[in-house]
Amino acid sequence: MKTDINEGFGFVIHDVARLLRWSFDRQSQDLGLTRAQWSVLAHLFRGDGIQQKSLACLMDIAPITLARHLDHLEVDAWIERRDDPNDRRAKRVYLTPKAKPMIEKLGKLGQKIRIQALSGIDAKDEKMFLDVLLRIRENLGDNN
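Counting from 1, one number per residue, gives the positions in the sequence shown under our numbering.
Don't read these hints as lab results, they were simulated from the structure.
We put the beta carbon where it would ideally sit given N, CA and C, even for glycine.
Some hints here could point you the wrong way.
[What the hints assert, rightly or not] Within a straight-line C-alpha distance of at most 27 Å, the following computed DSS-like cross-link-like pairs (lysine-lysine) qualify: (1) 108 x 124; (2) 112 x 127; (3) 100 x 53; (4) 112 x 53; (5) 98 x 53; (6) 108 x 91; (7) 100 x 124; (8) 100 x 112; (9) 91 x 112; (10) 108 x 98; (11) 112 x 98.
[As the list claims (entries may be wrong)] The following label-pair restraints were derived from C-beta to C-beta distances: (12) 126 x 94: 31 to 39 Å; (13) 18 x 68: 28 to 36 Å; (14) 122 x 13: 15 to 23 Å; (15) 114 x 81: 28 to 36 Å.
Model the full structure from these sequences, guided by the hints.
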């Protein structure tokens, strides 16, 4: 069965992810953070106090690239780095109190974009779609 390349599974997944990022970038530009910076904040919100090297791995970026993002975020007082008490060579990264209101704004914006993206899709189809995506992620995960 021949399909249009624009309707291929991988292409559509990639394109939807790109459009979600683009929409978020466009609507968050007045908040004063780059995509990379708000991505760091979002990951820290899910795992505050994570080791810097683990955060780079989780974000799938080079440690030196993450270090540059953290430098900027630290100067602007969004995050702080502390020595790891269990490994004197490592640093742990923490959100500062200043970051909480920004995380809330980013969360509200994310919810707005989610509503826009799922417009016209009923709750049953949304749940089924999410279940399928979670299954795909599990199938392709690091444990396989």
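Okay, the hints, checked on the actual structure:
no.	hint	in the structure
1	108 x 124	holds (23 Å)
2	112 x 127	holds (18 Å)
3	100 x 53	holds (23 Å)
4	112 x 53	violated (32 Å)
5	98 x 53	holds (23 Å)
6	108 x 91	violated (30 Å)
7	100 x 124	violated (33 Å)
8	100 x 112	holds (18 Å)
9	91 x 112	violated (35 Å)
10	108 x 98	holds (17 Å)
11	112 x 98	holds (23 Å)
12	126 x 94: 31 to 39 Å	holds (34 Å)
13	18 x 68: 28 to 36 Å	violated (23 Å)
14	122 x 13: 15 to 23 Å	holds (21 Å)
15	114 x 81: 28 to 36 Å	holds (31 Å)
Of the hints listed earlier, those the structure fails to meet are numbers 4, 6, 7, 9, 13, in rising order.
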